[in-house]
Amino acid sequence: MSSRIILILLLIPFAAWSQGDTNTQLQNLAPPSSPAFVLMDISPSSVYTPESLKALSLQLLNGLGSGSSDGIPKNIAVEFVPFWYTTPKNMNFLKYYNLKKSDPNVEGATGYDSQNVFGDIFKRASVSFEFMENTFEVFDSPQNFISAGARTTLVKVLRKQDIQNIISKYNNYDAFLKKFILDPNNSIEDLATSEEYLKARDDLNDAVNMKPLLTVDLALAYSALLNNSNANFSDTLGRYGAWISADLALGFANNSNNYIHVHSVARYIKDGLNLDAENRLFNTESYDIGGKLEIELNKLSIGYEFITREGDVDEYRSIGTIRYEVSKSITLTGGFGKNFKSEDNTISLLGVKWGINTGEGALAIPGLQ
Amino acid sequence: MSSYTVGTNKPIKLKVSISTVGHATTAHYLNDPDNEGQFLVAPSSSPISNTDSTSFRQINNGEAVQGRTIRVRTILTFPSGIDDENTFNRAVQQAKNTYSVQLSGGTPSPESFDFEVKSIFSIVKVAEFTSEITFI
Numbered sequence: 001m002s003s004r005i006i007l008i009l010l011l012i013p014f015a016a017w018s019q020g021d022t023n024t025q026l027q028n029l030a031p032p033s034s035p036a037f038v039l040m041d042i043s044p045s046s047v048y049t050p051e052s053l054k055a056l057s058l059q060l061l062n063g064l065g066s067g068s069s070d071g072i073p074k075n076i077a078v079e080f081v082p083f084w085y086t087t088p089k090n091m092n093f094l095k096y097y098n099l100k101k102s103d104p105n106v107e108g109a110t111g112y113d114s115q116n117v118f119g120d121i122f123k124r125a126s127v128s129f130e131f132m133e134n135t136f137e138v139f140d141s142p143q144n145f146i147s148a149g150a151r152t153t154l155v156k157v158l159r160k161q162d163i164q165n166i167i168s169k170y171n172n173y174d175a176f177l178k179k180f181i182l183d184p185n186n187s188i189e190d191l192a193t194s195e196e197y198l199k200a201r202d203d204l205n206d207a208v209n210m211k212p213l214l215t216v217d218l219a220l221a222y223s224a225l226l227n228n229s230n231a232n233f234s235d236t237l238g239r240y241g242a243w244i245s246a247d248l249a250l251g252f253a254n255n256s257n258n259y260i261h262v263h264s265v266a267r268y269i270k271d272g273l274n275l276d277a278e279n280r281l282f283n284t285e286s287y288d289i290g291g292k293l294e295i296e297l298n299k300l301s302i303g304y305e306f307i308t309r310e311g312d313v314d315e316y317r318s319i320g321t322i323r324y325e326v327s328k329s330i331t332l333t334g335g336f337g338k339n340f341k342s343e344d345n346t347i348s349l350l351g352v353k354w355g356i357n358t359g360e361g362a363l364a365i366p367g368l369q
Numbered sequence: 001m002s003s004y005t006v007g008t009n010k011p012i013k014l015k016v017s018i019s020t021v022g023h024a025t026t027a028h029y030l031n032d033p034d035n036e037g038q039f040l041v042a043p044s045s046s047p048i049s050n051t052d053s054t055s056f057r058q059i060n061n062g063e064a065v066q067g068r069t070i071r072v073r074t075i076l077t078f079p080s081g082i083d084d085e086n087t088f089n090r091a092v093q094q095a096k097n098t099y100s101v102q103l104s105g106g107t108p109s110p111e112s113f114d115f116e117v118k119s120i121f122s123i124v125k126v127a128e129f130t131s132e133i134t135f136i
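As given, the protein sequences belong to chains A and B, one line each in that order. Residue 325 in the working numbering sits at position 325 of the first sequence, with consecutive numbering throughout. Residue 24 in the working numbering sits at position 24 of the second sequence, with consecutive numbering throughout.
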């Protein structure tokens, strides 16, 4: 009963927001990478880069064979980005992508020739609340946890040539719209059928979405066990942690969509999910250090991560991960290997990223039409 | 439609400002009394975007505008970073909260004016801000 109540509470903001917007059932689902999922080791990867800047998103994760026999996801999160609920001052498109003028007297976009590497700290900050159900290798039966988390990008470094490319594509885009608006009879509906506009837009979109050379992300999360009348576990603190991760993205094969990622992660965790010989919970403190090597080939990403946990416990996590973008609407993510606390290879997780709404109609699944 | 008392004053100046994560392009048009009031792009005016400097700029080459109507139009587009309609609506709301159309040179000076917003979330993510002000 308590799980249903919490689930309803988590869904209230999502449901309230979706009222009056009949096309939003699927479009705000996001990959299972929120901090609490990572904290509880039930995300496919412990190493991640925040992707979603959606004002509000819903995340689902189903573990294969982990108490989800009814098909209803037991792990669910609501995440929102506070930036979208503020009114930024003196903002423009180039500043949003962290470009700034080295000389404030230079007019126009060309003056934005340098970068603010700390510019994403607030813009990309997100807050999430999660509900999850799992045994966490401790309990005989799945237990309910509620969590809160926050994350942001501390540092993002763009390559100099990528900044120049953004400005070049921005100037093309800007020139088109300045020409377009000169005719009072041009309507904004005309933009959707203008090949020249769509090309200029896609070129600019590609330019600002080039992988940064370096990103450093910070996350915090806290998870607590919900009181369960069937077990005397209510005294446990659950788990909390803070971690920092970095991603160095090196392009190769002269292809803008191919990268070798070198990730690193450091994490502090205080963990109350430990059972002693008398079946009593106790706390441990630990420090995780590890990394991940990932090859990104267009729509397919394959990686391997290894993280050691030291302190009061001595464990490791060894996971292979895979992610494939089926279409703009669907991305499959998975993780397979050995998790912390596991005696054998027990992780087998799949996540699905559903339907980014491009405004182009219903969700399309290739091969099923 | 709003009105602005200018009499025979000149020059009358326009300033449009907006703070947004998107790209905003602004132009203004004056009606043509000799052509059934059709709006034409104002003489010697050039569109500005929100990465250009914001300042008061004279309209109609600095000549008197009494009896004419100005239409101020800003096209706001989001070429990247907006994938879903909820975030799009938030981004448009941010722009609405900061959008300002001001005229100077009349009474009072400067004066701010109302505007209307139309938005489309489709293959393009675009909004249009318009104001029409008659000079009296």
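By construction, these hints were calculated from the structure, which means they are not laboratory data. It cannot be assumed that every hint is accurate.
No farther apart than 27 Å at their CA atoms in a straight line, the calculated lysine-lysine pairs in the DSS-like style are these [claimed, not checked]: (1) A:K95 to A:K178; (2) A:K199 to A:K179; (3) A:K299 to A:K179; (4) B:K15 to A:K179; (5) B:K15 to A:K89; (6) B:K10 to A:K95; (7) A:K101 to A:K160; (8) B:K13 to A:K169; (9) A:K178 to B:K96; (10) B:K96 to B:K118; (11) A:K89 to A:K100; (12) A:K160 to A:K199; (13) A:K299 to A:K178; (14) A:K89 to A:K169; (15) B:K13 to B:K118; (16) A:K199 to A:K95; (17) B:K10 to B:K118; (18) B:K118 to A:K160; (19) B:K13 to A:K89; (20) A:K299 to A:K338; (21) A:K199 to B:K13; (22) A:K160 to A:K299; (23) A:K179 to B:K96; (24) A:K160 to A:K270; (25) A:K160 to B:K13; (26) A:K95 to B:K118; (27) A:K101 to A:K178; (28) A:K179 to B:K13; (29) B:K118 to A:K178; (30) A:K101 to A:K179; (31) B:K10 to A:K89; (32) B:K96 to A:K95; (33) B:K10 to A:K101; (34) B:K10 to A:K100; (35) A:K178 to A:K100; (36) A:K101 to B:K118; (37) A:K338 to B:K118; (38) A:K100 to B:K118.
Checklist entry - Of the hints stated earlier, which fail here? => result The structure conflicts with hints 3, 6, 8, 13, 17, 18, 21, 24, 25, 31, 33, 34, 36, 37, 38, although it agrees with all the remaining ones.
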